[in-house]
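Chemist: Now for the letters of each chain:
Number of protein chains: 4
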Amino acid sequence: MAKMKAAILVAPGRIVLDDKPIPDVGPLDALVRITTTTICGTDVHILKGEYPVAPGLTIGHEPVGVIEKLGAAVRGYSEGQRVITGAITPSGWSNACLCGTCSQDGAGTRHGWKAMGGWKLGNTIDGCQAEYVLIPDAMANLARVPDGLTDEQVLMCPDIMSTGFGGAESAGIRLGDVVAVFAQGPIGLCATVGAKLCGASLVIGVDRLPDRLRIAGLMGADHVIDSSQVDPVEEIMRLTGGRGVDVAIEALGTQSTFEGCLRVLRPGGTLSSLGVYSTDLTIPLSAFAAGLGDHRIVSTLCPGGKERMRRLMSMIASKRVDLGAMVTHRFKLDDIEAAYALFSEQRDGVLKVAITP
Amino acid sequence: MAKMKAAILVAPGRIVLDDKPIPDVGPLDALVRITTTTICGTDVHILKGEYPVAPGLTIGHEPVGVIEKLGAAVRGYSEGQRVITGAITPSGWSNACLCGTCSQDGAGTRHGWKAMGGWKLGNTIDGCQAEYVLIPDAMANLARVPDGLTDEQVLMCPDIMSTGFGGAESAGIRLGDVVAVFAQGPIGLCATVGAKLCGASLVIGVDRLPDRLRIAGLMGADHVIDSSQVDPVEEIMRLTGGRGVDVAIEALGTQSTFEGCLRVLRPGGTLSSLGVYSTDLTIPLSAFAAGLGDHRIVSTLCPGGKERMRRLMSMIASKRVDLGAMVTHRFKLDDIEAAYALFSEQRDGVLKVAITP
Amino acid sequence: MAKMKAAILVAPGRIVLDDKPIPDVGPLDALVRITTTTICGTDVHILKGEYPVAPGLTIGHEPVGVIEKLGAAVRGYSEGQRVITGAITPSGWSNACLCGTCSQDGAGTRHGWKAMGGWKLGNTIDGCQAEYVLIPDAMANLARVPDGLTDEQVLMCPDIMSTGFGGAESAGIRLGDVVAVFAQGPIGLCATVGAKLCGASLVIGVDRLPDRLRIAGLMGADHVIDSSQVDPVEEIMRLTGGRGVDVAIEALGTQSTFEGCLRVLRPGGTLSSLGVYSTDLTIPLSAFAAGLGDHRIVSTLCPGGKERMRRLMSMIASKRVDLGAMVTHRFKLDDIEAAYALFSEQRDGVLKVAITP
Amino acid sequence: MAKMKAAILVAPGRIVLDDKPIPDVGPLDALVRITTTTICGTDVHILKGEYPVAPGLTIGHEPVGVIEKLGAAVRGYSEGQRVITGAITPSGWSNACLCGTCSQDGAGTRHGWKAMGGWKLGNTIDGCQAEYVLIPDAMANLARVPDGLTDEQVLMCPDIMSTGFGGAESAGIRLGDVVAVFAQGPIGLCATVGAKLCGASLVIGVDRLPDRLRIAGLMGADHVIDSSQVDPVEEIMRLTGGRGVDVAIEALGTQSTFEGCLRVLRPGGTLSSLGVYSTDLTIPLSAFAAGLGDHRIVSTLCPGGKERMRRLMSMIASKRVDLGAMVTHRFKLDDIEAAYALFSEQRDGVLKVAITP
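Protein chains in written order, with this note's numbering: chain P, 2 to 358; chain G, 2 to 358; chain L, 2 to 358; chain A, 2 to 358.
It is possible that some hints are incorrect.
Because identical chains share one entry, a pair is satisfied inside a single copy or across any pair of copies.
With a straight-line cut-off of 20 Å between C-alpha atoms, the simulated SDA-like cross-links for lysine to any residue are [stated by the list, open to error]:
1. LYS320 with HIS224
2. LYS320 with VAL225
3. LYS320 with LEU219
4. LYS320 with THR241
5. LYS320 with LEU240
6. LYS320 with GLY218
7. LYS320 with PRO285
8. LYS320 with MET220
9. LYS4 with ALA339
10. LYS70 with PRO28
Keep in mind that the hints were calculated from the coordinates and are not lab data.
With the sequences and hints as input, model every part of the structure.
Modeler: Listed below in structure tokens is the structure:
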């Protein structure tokens, strides 16, 4: 049986590169040879044991590659085509998918409903930090890369671009809205870009790291606030003349950023939550106007599926957006353990790493 | 100066009927002679000092009456017409109103944004538990009562019908949705009716009082759950085959009901919050799927304005809905102190009282 | 090779019952043994040659039956289960599906976009007026019939209930809307019911046949207008006090009904078009306010997929709606030619026929 | 009685500058001293007698100026403030306004519904091509100009920017949509800009004038098509690989552009209509997929009101958009007749003129 290299979680705290069999291809699957992938903040949660997955699992959910082999029932593709898939790989045929909630697709559960059911790669099945990855429900997920786009240009599409933009879209941003984005890590930066693309007139970026605030400014934030120096709530209320913001996007997953978002919201405004939380959240009574503020709180899991990927790549192809600057470091798959070390310690101003087998 | 009787908050714990001058009519105002009004749960909060208003204020925000006098700039009405207004009396011309958030209209604040700014009657200006009430921005608020409808038939429109229905509407209920309504007091009953009118296939009512569950059944709940006997979360998950509900409506204002709503929500589902809370709220991590469940939490303050009232009355006129059974007791204005006693102690199965000067 | 009986279009004007091989089951398919089906107005268009399909095709797109055999890749079902599928059988995995336009799914076309691509049964592949039908993309389409519901109770779900309700949903009906439905054939009756379920305060049904107007009244129309006796536009403007309707639903497919809808629309109102037209349409300048009326015209092709079917059946199971009265005649499959004759000539007050092999 | 100069329609074909009394200020009005205004394509329709208004009316609906005097009931402003108002001046308090259809506000009609009722300036009351203009319902309409913005920078806000952007917004453009804009006059150019601001990945501009196509390219169109040289429908289908566009915006008001839009629409796509038509329109059967294409046709009248103006100006202030290049010519009010001649004949590459008293 042919072998491949894969980044495997052996135990909390340990991801190692090891050999694994190249998987068999079922009738609805596609085997994709990875040409570039990356590491996500969620992978670091897995590494640290904060988010549990089964020992032995291959990690990674951001694949760029080439179709190596197609399942017997897969139509519409041919081997050798360059493709990406989303981090979320909906089946298309579940009740969740057919009800407009593709990310919540969960094939194995009764009636097809289970939170995060749509996130399979590197979560419930082997992921793509490997030489090969098996993509389930290939016809719903393989998105061809337009000619002329490099691997690195589309590397953010599967997860952070889809998630960050999704936060802006779920908020229902309207032309002329003022938007605050709490935290300017990779997801937050994509939310900043997404808010502008959705028509915000003013985007305010908040973070504690000067490097990230600098990049936020380069990527389109109109104002940046260093929350290690000033109270971002006070500063945002000052910037908006006491009015507050129409939309606040949470992009870190902490009580502090969640609460900051709620406190700067105008009556009738929307908090769009993207972070992965690790504790219960508190909604302060006053920030919620005792329930009478016509507020909305929406959470968004990364939208996936091939149509989503097609749309995101089309925005890169037409130069609406360029996230190339987010790839700050490059590693060979053989050195992925070093990449995890750098990324998890956020050394050297790292934003995203490119991993190539 | 002519005098009238009015129910006045003299201090926390004390609402008394006393004389007050009949107010002068400004250019945009209308003076309405009250023919029927009622007491709201919020008024009881005011009485108990849980929601602070200025001592000396006339309480009440659910007016049915007759136009006594119109302001000099008011067009389109004539004296003697039967009218209601919403509990919320938007100006129509504020930025909040023009941005689609009429309930959050707040004329006095900078840029027109302030939570609950639209609730003026019996909150920031004199209310309608009196012989006369002055309606601000009359042209946006006076809604003529269709011929053939009695005062009691339209008495629920200004607040609880608009609020309860609003909870169903804000949730974006779709044909075939399963909806749980936590608490079956007046607002919750209206939410139950509203959920059905919006197309829910199944409405599950939850309360601790057998009387209210009985009425919930009469008003259209398909299932009722006595939360003093069984765990409503378990019961709802059982009823839905483990799937959870598409929409859960919170109609009481407590952590327990808020949390119950969140726990029965399917991934991608919506919690519609109507209650007035008195403490911070906690979002349990698991119930919120760590932020990855594509959940929405929306809060709704009673929609007001004459068009809203026109629509609600049209549904009564066409017999789509009959809330007459909710008026369980009747009092003269002279006896309003007794009415407050009965209503605040929830004696004798009281749902709503009708007060007539 | 095993044979079955099937209603086959041999040439325009001729549908005959003849033998055909029972089809082979591909990996994504399911073979369903039909227990009840019906004839649609569209089938009559096919019969008359007004809508062209390939000679030799089995007609019919409204299946109720039992799973006879499942494709090798189909999971989540077992043979012997009672199921329906929609008239439209989306794949789930096309770009159209993943973009929220399942009815426009068209697997064979480039990029997956082609009008009506989602309608396959009895259009581009063999249909269900037969002893057996092959359902493509079975996992997206097989919807289990809840215990306790008869075949006839769910017989309207695949097409006319989904279409009629879809017309009400696409129009974005809000609580308190006034809705006119032009034509009260099977689709129009379902639109009448759907408009009420979506919260319309007043539904006005228009038709030329007294029988249909009588049924419209029974099924919930508040007013009915006999357009053979009075001008429906004038009558609707009179009924609405000159205001016009919020939503007008076209349910026949003619210039006259389309234009009537547009003429009774208030500024800002929505025309929801369900009919299958056979000629170009004219938008009169005045009815369209020269393009300045903030009008919307939306057309809706029958929504399909198993989740849609699940929702529709849930509304029948909870007794929100009962379309049983629409089955006016019953035939054996052996007599389907007689059924076509009766139905196409609209004899004996026929609304829908039930066909049982 | 004090006099002012005003551009008055004396008869079809003749607009002259003449003296008129400065109007009295009613309780809800504001008198604004005009500092800059412009001429709209609609004004040319009025001039030519194609759109009838009362002889003697002052023309113009795009005011930039300074508050000269406030009505007795107007609060929240002071004299001397720089303001604009929209071309549409909603009251805020009509049923249409309170139902979310401010442009269709028509105070004088029964129930407040009448197409275009919201367009008053230079239509049903005196307009702003004059030294002074009386603004009705001032509190809903006066929008303060942010410090630092010149008259010319905000001159497009009242009409063409609001209309053009409105066409993109009404279409519900989503991130990654492909949008075609038929006609690149002032409105079409604003629709092109608006489509990009709403997140379109690709905007295709169509016109017959090379000058306008050149400007379309400068203002963000990704492709431009000269419809005098090639068939725009074929070209767009080619550019989209046969898929068609998600949204097509009509910005001229002719059968040809309307039909072109419909023919390039993908199934499930939206035609957003902005033009003012002068004849009945034809919907070709095939372009409309016989009613089965899930198409939407939406028409949009310029959104108005002070909140809309505030939002548009905020986008200029934050440099999201710069329409300054659209002012190609400048005239004194005294020379407005020459300005009309230039503009109506579309000489010298004119896009918009600035008129200053």
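Chemist: Between LYS320 and PRO285, at a C-alpha cutoff of 20 Å, which is it: within one copy, between copies, both, or neither?
Modeler: Neither, since 42 Å and 36 Å both go past 20 Å.
Chemist: From the Cα coordinates, with 20 Å as the cut-off, is the pair LYS320 and THR241 best called within, between, both, or neither?
Modeler: Result: close only across copies, 17 Å inter versus 31 Å intra.
Chemist: Between the shortest in-copy and the shortest cross-copy C-alpha distance, which are at most 20 Å for LYS320 and LEU219: within, between, both, or neither?
Modeler: Both: 16 Å inside a copy, 15 Å across copies.
Chemist: Go through the copies and call it for LYS4 and ALA339: within, between, both or neither, with a Cα cutoff of 20 Å.
Modeler: neither (22 Å within a copy, 65 Å between copies)
Chemist: If the cut is 20 Å between Cα atoms, do LYS320 and GLY218 qualify within a copy, between copies, both or neither?
Modeler: both (18 Å within a copy, 14 Å between copies)
Chemist: If the cutoff is 20 Å on CA atoms, where do LYS320 and HIS224 land: within, between, both or neither? Let me know, please.
Modeler: between (23 Å within a copy, 13 Å between copies)
Chemist: As a check of your reading, is LYS70 near PRO28 (CA-CA no more than 20 Å) within one copy, between copies, both or neither?
Modeler: both (11 Å within a copy, 18 Å between copies)
Chemist: 20 Å Cα cut-off: does LYS320 pair with LEU240 within a copy, between copies, both or neither?
Modeler: Between copies only: 17 Å across chains, 31 Å inside a chain, cut-off 20 Å.
Chemist: How would you label the pair LYS320, VAL225 (within, between, both, or neither) given a Cα cut-off of 20 Å?
Modeler: between (24 Å within a copy, 17 Å between copies)
Chemist: Since the copies are identical, ignore which copy is meant and state whether LYS320 and MET220 lie within 20 Å (CA to CA) inside a copy, between copies, both or neither.
Modeler: Classified as both: same-chain Cα gap 13 Å, cross-chain 15 Å, threshold 20 Å.
Hints 7 and 9 from the list above are not met by this structure, while the remaining hints are.
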